[in-house]
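Please take these sequences and the hints and turn them into a complete structure.
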Amino acid sequence: MKHLHKIVLAAVAALGLAAVAALPAAAAVEAETAFVFNSFSFLVAGFLVMFMAAGFAMLEAGLVRSKNTATICLKNIALYSVAGIMYYLIGYSLMYVDVGGWIGSFSVLYNPSEAELALINAEEATEEMVAAVVDNGYSVMSDWFFQMVFVATTASIVSGTLAERIKLWPFMIFIVVLTAIIYPIQGAWTWGGGWLSERGFSDFAGSTIVHSVGGWAALTGAIILGARKGKYGPDGRVNPIPGSNLPLATLGTFILWLGWFGFNGGSQLALGSALDAAAMSIVFVNTNLAAAAGVVVAMAATQVIYKKVDLTMALNGALAGLVSITAGPDLQNHFLALIVGGIGALIVVLAVPLLDKLKIDDVVGAIPVHLFAGIWGTLAVGIFGGGSLVTQIVGIVAVGIFVAAASAIVWLALKFTVGIRVSDEEEDLGLDRGELGLEAYPEFRGSQSLV
Amino acid sequence: MKHLHKIVLAAVAALGLAAVAALPAAAAVEAETAFVFNSFSFLVAGFLVMFMAAGFAMLEAGLVRSKNTATICLKNIALYSVAGIMYYLIGYSLMYVDVGGWIGSFSVLYNPSEAELALINAEEATEEMVAAVVDNGYSVMSDWFFQMVFVATTASIVSGTLAERIKLWPFMIFIVVLTAIIYPIQGAWTWGGGWLSERGFSDFAGSTIVHSVGGWAALTGAIILGARKGKYGPDGRVNPIPGSNLPLATLGTFILWLGWFGFNGGSQLALGSALDAAAMSIVFVNTNLAAAAGVVVAMAATQVIYKKVDLTMALNGALAGLVSITAGPDLQNHFLALIVGGIGALIVVLAVPLLDKLKIDDVVGAIPVHLFAGIWGTLAVGIFGGGSLVTQIVGIVAVGIFVAAASAIVWLALKFTVGIRVSDEEEDLGLDRGELGLEAYPEFRGSQSLV
Amino acid sequence: MKHLHKIVLAAVAALGLAAVAALPAAAAVEAETAFVFNSFSFLVAGFLVMFMAAGFAMLEAGLVRSKNTATICLKNIALYSVAGIMYYLIGYSLMYVDVGGWIGSFSVLYNPSEAELALINAEEATEEMVAAVVDNGYSVMSDWFFQMVFVATTASIVSGTLAERIKLWPFMIFIVVLTAIIYPIQGAWTWGGGWLSERGFSDFAGSTIVHSVGGWAALTGAIILGARKGKYGPDGRVNPIPGSNLPLATLGTFILWLGWFGFNGGSQLALGSALDAAAMSIVFVNTNLAAAAGVVVAMAATQVIYKKVDLTMALNGALAGLVSITAGPDLQNHFLALIVGGIGALIVVLAVPLLDKLKIDDVVGAIPVHLFAGIWGTLAVGIFGGGSLVTQIVGIVAVGIFVAAASAIVWLALKFTVGIRVSDEEEDLGLDRGELGLEAYPEFRGSQSLV
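Chains as they are written, first to last, in our numbering: chain A, 1 to 451; chain B, 1 to 451; chain C, 1 to 451.
If you're looking for bench data, these hints aren't it; they were derived computationally from the structure.
Among the clues, some could well be false.
Same chains, same names: a pair is fine if it fits in one copy or spans any two.
For lysine-lysine, the following DSS-like pairs were computed, each having C-alpha atoms within a straight-line distance of at most 27 angstroms [claimed, not checked]:
{"id": "1", "residue 1": "K415", "residue 2": "K307"}
{"id": "2", "residue 1": "K359", "residue 2": "K307"}
{"id": "3", "residue 1": "K308", "residue 2": "K415"}
{"id": "4", "residue 1": "K231", "residue 2": "K307"}
{"id": "5", "residue 1": "K359", "residue 2": "K231"}
Remember, predicted model here, so these are calculated numbers, not experimental data.
Below you can see the structure in the form of structure tokens.
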């Protein structure tokens, strides 16, 4: 109930006012002060999540071959841009404005509230003007900014899975539909206060609503698009295609970890009271411990299974821990965060070869990390967090069916019209030269040669 | 009026006090609370802008050839360092302390105020001591820190244009003069409350005062220094010299985008009221949308013109959008931010080949991005933002003439004394081996070979 | 007294309450508002310091050879993870809970306070519940988060020195002991309120407690582990082994610089008053100027000594400046920060060849930067900061003896049981292929060839 929370905030503000009348003035945070805290918290958390776009870009740039590196960089900055524009044009309103059970408003261009503009433009601000703004609990566009970076995260998940063979512009069209329509509609069900919210589905910061949505979109895309040339031999052999720049992938993971403090911490949605500050701190700690457990479990598991520790699996372990804790980072015993994150990482370590058996080619491992660990994290709320396990399953399945079906329709429509796959020659040559006419590392020999 | 704003803040604080006497206590942010908000906002925005130094370093490191990469890294960390030191030694006072119409004070070493030191050193703080500090609206050094990272940004712009052929130490001498004298003097005219401010020139976060200043310094430098060997053939042919590491350039762009939230958001200069929080949120959203539009327009324009999308142009499109919105990120209809940013990107796409026709060799495209889009953004305030177009032109021209003339004098003085250009042999060999005696990527073959 | 400070905060809160009764309401920050400021300040500073883990990873990845790059990336994300887990399991309690003179409590699993959980779980929060939480001055887990990233920093220092020849798992065991036991015990002496704190030892943000501790652990490790093959010739010749990716090292340094604003600024430990905001701002400025002076001095010194400016030395100069100012970033005349940082950098420039003479092989220069500059910075508090020079020396020596002895015991125990050094063949082949079975840059020729 990311947005309905507004009502709670208003109630808190009202209580605050009442309290002030009755109590010593020092006891409570003033309503306007709380407004500033809440808004600033959205902005700070929001810029952290925005930076996750760079994290995804570096992670994916490090895990593709160098002949496809510039293209994946372009896709990442382009999808972040498109997500923001589409969410402004129609996405936010579909998700949060006048949501019935299933969908919000079809109004376009989400802009500052009249109350805020009246205050900003007043020659002399009156008490009433300030109160009209403060009543909302936070500034309208700080919330928009924070919500926007979430839809961008969903979009980022898709690019990694489909790298090295998808055409640029059809991919961008999919991102337009995903961020303008698919993500907002399912988001309205829970965070917009729709039917899943009413059933009590609980997803604090989006293990399902953000991560598994990106995962479903990626999974349907991967199936419809097919695997990279040479990834699966005719005899069922799986050919590993190593990433070209592992320090970049490591950097990307660290940036994502950093951004996740905004992702989960900011999803407390308020900072205007001691309760909120304490709760946000708890979220930070759980977020960090789940990721840490993910790294350690992935290292141990790969050591045991493969007799060698795998760096890329350790990175994905961190991400799996983060995705897993995202649905319920408010656990009151931090030890549980270690459990939740560790299991998430174990799922990823086991799922990666499974996907390969199914010949689903996921270049960066985004499906295990965002979809499987996202499902696990959402279930974990029903196990450790006090939510209903049945309701959690209902939410996971409903969102999954809708997003997988909607995505499949879009992918198939694109496939049978403009086409979604580059030519064989382009795939061999690399998308950088084929689609962009340039190279990511023009001076480093071997860029073009491998596989 | 970045600094005069202090007076406004004091007035607000006074009003706050008055209001508290008359109204329910909960209505307004307390003066000391507002002081903390304002100061913390400067620190948070300041560290974001500080990180832009890393963004410029990575952008430039990615766009030069590998034989010049270490040198551009060195220049970037060196110029950030020198900018901070010079601004402490004399720059800040020239810009902000006792500004007449044209210039501030020649005092040296800007340190904490006596009121702040008295409070910090008091055995027991009195009400008067706190009031003396709070009266200023924000802590003195938080403002200095925020202003300092702006002068560093100006300096960062120059290094990219002149990369791959300018000598290290003469370049550093130019940076000393730019950050100690040239930037502060023109800054005093507007943000210091000088003559341009009195005429109503409006430049919210520095499309002109920061970006075009860096652009003019770069442009005069590029003309006086000359193009890189081999860039322009005798027959007028332009030889493209591709950057050696495009994921780094992408990372740099993302870091700059992140930092820009501090750049523009922090330029609200206050966070101590609902009005400020709402206004800062609006600034964040406009900043993001302008950059997003820049990316999309640059992609579309290069697709149309060159039949291929150009990654480096998409990156510069983002930056052009950001520079364009910087003069007026307080637009109250966010759709206008899309227009302003999109036009900025279009200007850059069209201007890059134009500069090449003029044989002005700008390695990273900083002149189109920071100068041309900076001019456009400043004009846009006169078109969309309610400022006077004539006054905006006066500001653009006045700053341009002063900075171009002052820069030209310094560049020419350096050219005819110590020299500013490396030898032909050094340019061939690469500045890394020539000037620093090392290599940026010693193990990757081909580092030395290309072009 | 990082933690005892809590008492001061409570006193301030109490004073605030008293003041409110007697004075106009607008004069002071309310206790709950201060609680939010203090907690949020820990979270923001904490995420900045967390990002330093990425800074160390990139710095070290850039300074090792490419055949050891993936391994150093893995070690960095693993040590950050392990540090957090161990600090949660036992470290924090050893350092901060019920500290006698020498050591804290052996309780396990540090979790949110009962007061906080009571407030969060209440159907309806009472005034008493809020007061019980607010009384602490900041949220319990925000402090834990902030302290945790410090122990992680200590651990990060060790990995760089010992890179390119230490086995993965024994290294991780050392990190377990360092972060669970060694760091917390010596930390209890000062920041936990133990005997060094009572003697008046002053170390604002940890030149000794964090940086020299990491430095001692690294130094003993380097001696016991021995130098890399080929680093020192039989004739006493020192063979330089250049880093493989200098832009990454530059990025790492910029990230560390950014993170240091959280490191030093957050160590003000409070933001709930004008005094704290002003003091934190002063810390930011000193931190920046010390680093800037470090860069400039390192550039000048290498130019004078070697006739060439050395990029890696400039980067280490920045870090030396940062480490040096860390013990006393509250200097009230910022000019002193230039002196402190500049001398720190000079020490590093002179110490690097000295260590080579002693055949102590420190791959990234972490011993000069963190140990020597850390000692210098701690002494500087006795010189410029008003502390007692004798007490500072007592603290430096006591911490040094304890950490060096404890580290040596652990390193030797590991050496004579599981072994700490990879085989000769593995060292030649590179740890990436030997230990992990992969390559950091599989497509770039020459990865395996050099040295």
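Hints, one by one, checked against the model:
no.: 1; hint: K415 / K307; result: between (42 angstroms within a copy, 22 angstroms between copies)
no.: 2; hint: K359 / K307; result: within (24 angstroms within a copy, 34 angstroms between copies)
no.: 3; hint: K308 / K415; result: between (40 angstroms within a copy, 21 angstroms between copies)
no.: 4; hint: K231 / K307; result: within (23 angstroms within a copy, 30 angstroms between copies)
no.: 5; hint: K359 / K231; result: within (9 angstroms within a copy, 47 angstroms between copies)
Taken one by one, the earlier hints all hold for this structure without exception.
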